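Undergrad: Residue strings, one per chain:
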Amino acid sequence: MINIREVTETNKMIEEENLDVRTITLGISLMDCIDSDLDQLRKKIYHKITTIAKELVNTGKEIEREFGIPIVNKRISVTPIALVGGAACKSEKDFALVAQTLDEAAKEVGVNFIGGYSALVSKGMTKADERLIKSIPLALSKTDRVCSSVNLGSTKTGINMDAVKLLGEIVLETAEYTKENDSLGCAKLVVFCNAPDDNPFMAGAFHGVTEADAIINVGVSGPGVVKTAIEKVRGQNFEVLCETIKKTAFKVTRVGQLVAQEASKKMGIPFGIIDLSLAPTPAVGDSVADILCEMGLEYAGAPGTTAALALLNDQVKKGGVMASSYVGGLSGAFIPVSEDQGMINAVLAGAITIEKLEAMTCVCSVGLDMIAIPGDTKATTISGIIADEMAIGMINQKTTAVRIIPVIGKGVGEIVEFGGLLGYAPIMPVNQFSCDAFINRGGRIPAPIHSFKN
Amino acid sequence: MKRTIITVVGKDTVGIIAKVCTYLANNRINILDISQTIVQDYFNMMMIVDMGISPKSSSEISKEMAQIGEEIGVVIKCQREDIFDKMHRI
Chain R
9 MINIREVTET
19 NKMIEEENLD
29 VRTITLGISL
39 MDCIDSDLDQ
49 LRKKIYHKIT
59 TIAKELVNTG
69 KEIEREFGIP
79 IVNKRISVTP
89 IALVGGAACK
99 SEKDFALVAQ
109 TLDEAAKEVG
119 VNFIGGYSAL
129 VSKGMTKADE
139 RLIKSIPLAL
149 SKTDRVCSSV
159 NLGSTKTGIN
169 MDAVKLLGEI
179 VLETAEYTKE
189 NDSLGCAKLV
199 VFCNAPDDNP
209 FMAGAFHGVT
219 EADAIINVGV
229 SGPGVVKTAI
239 EKVRGQNFEV
249 LCETIKKTAF
259 KVTRVGQLVA
269 QEASKKMGIP
279 FGIIDLSLAP
289 TPAVGDSVAD
299 ILCEMGLEYA
309 GAPGTTAALA
319 LLNDQVKKGG
329 VMASSYVGGL
339 SGAFIPVSED
349 QGMINAVLAG
359 AITIEKLEAM
369 TCVCSVGLDM
379 IAIPGDTKAT
389 TISGIIADEM
399 AIGMINQKTT
409 AVRIIPVIGK
419 GVGEIVEFGG
429 LLGYAPIMPV
439 NQFSCDAFIN
449 RGGRIPAPIH
459 SFKN
Chain B
780 MKRTIITVVG
790 KDTVGIIAKV
800 CTYLANNRIN
810 ILDISQTIVQ
820 DYFNMMMIVD
830 MGISPKSSSE
840 ISKEMAQIGE
850 EIGVVIKCQR
860 EDIFDKMHRI
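Which chain is which? The protein sequence lines are R and B, in order. Here my numbering is used: the first residue of the first sequence is 9, the next is one more, and so on. Here my numbering is used: the first residue of the second sequence is 780, the next is one more, and so on.
Isolated chain R, as found in the complex:
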């Protein structure tokens, strides 16, 4: 029987160490909404989302009350809109209207984000893909809750460098369209290599075409829990450190598994996966960077950071995998800058640079995330940063991503405030040397040799 010590331990994690379920994300297929008439398409999309997701927020709240654990976000992901809107959308404006429909549906059911304003172009772009990508700045400036993502490469296909070039321009244009709000639009736009079909985390969530009609994916959290656990083994060797992280990750993930099963049962929608990612927030004590510091680094970014992150990521997976029947999504550790107080401190102290962050993305679960850069950065430079990150993902057979915010009108050292879960960030310097000729070549980078496994 459960004893008072175990109960106290769990409740301490929830009350003092920020243990929560970061998101219940309901994936909805919009394939059956496809229509060649734009009005019909929009009606069908609105109807399907508001019908299936009607009880999502209430179910989340009910589970919160029953188990006494906060569920921070309830969200929706949909089939990439480039596929759904291809037949109906003849222009960029048409696509932006579909984004507005998604926004209205999200507001109706009360979710804070809806992901899937996306295109999958890892090898080539259809006309519809290109139209959707070009509509992203308009779509993100006209909506509040829509998130957009583009998959630009994969280990199997190589990297679509035409799309990489285009996205450099689109990121900048999105920044320009939303400059009144410190270029906030770019916080809702992420580009991927090896994007997973079942990621529950924004801004990159979309409901892949390999998925069922509707599915529930859950993202757990708990950097604070891991940090508190390893405080108790300060000074001990790596074996002890790794064991401690593994055991903690197991406990955190079990809660996620329980919530996912319960949500699935209550809504009558199958359970998809648990995403094990340690996702930080700007709240004090909810930081991945603080875990790295607790391991023995003065700041995130100090020599040893990549090794520390690698072991953290690996132990989280080892503990988490055993705790859940299905693990998927991004599953690892996120290292966003603006959403992590420890990371912000590292930037302010001059301990971390974009180049060090890039090295860290070789061993984290995602990539360059929520990094503010000067608004006068060239589009080709942004494309260059994206290409580097895509290459890391392609060669290492892992997901990598870039969510970078050129803040129009602001320069290095200034602070940009995004608010809420998105936090704030000091603007970081970018390497000023040109990559114009490289980016302007066009075409695609072939798939790497180790992708030929057949």
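What the hints contain is simulated information worked out from the structure, not anything from laboratory work. Bear in mind the structure is a predicted one, so any value in this text is a computation, not a measurement. Wrong hints could be hidden among the right ones.
For lysine to any residue, the following SDA-like pairs were computed, each having C-alpha atoms within a straight-line distance of at most 20 Å [said to hold, decoys possible]: (1) K842/B to E70/R; (2) K255/R to D861/B; (3) K790/B to T16/R; (4) K115/R to E63/R; (5) K274/R to T816/B; (6) K20/R to T816/B; (7) K240/R to K274/R; (8) K856/B to N11/R; (9) K69/R to A845/B; (10) K273/R to G831/B; (11) K240/R to G336/R; (12) K273/R to R782/B; (13) K325/R to G336/R; (14) K781/B to R73/R; (15) K20/R to G848/B; (16) K20/R to E860/B; (17) K842/B to K325/R; (18) K856/B to M9/R.
Let chain R serve as the given structure and place chain B on it in line with the hints.
TA: Leaving out everything else, chain B in the frame of chain R:
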């Protein structure tokens, strides 16, 4: 059987257990186990109860118990046992 863990934490005062147990009895909730400690004047109690035959839903009970807690100056939480079981048992 609908096993739920009730925890009561706060400054010790007269009648905490009485108040909680009266509510449980009135709502047909059976107490299976109680453990309690006092650390530096702080009252810390855990009860394992069965809500299987209670006419009220777990959410309702949870809300009402939290209210009682506020009235007597302690924090009362009701959580389904599953969350602890999942976390601490393989």
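Undergrad: Going through the numbered hints above, which ones does this structure break? Give me the numbers in ascending order.
TA: 5, 7, 11, 17
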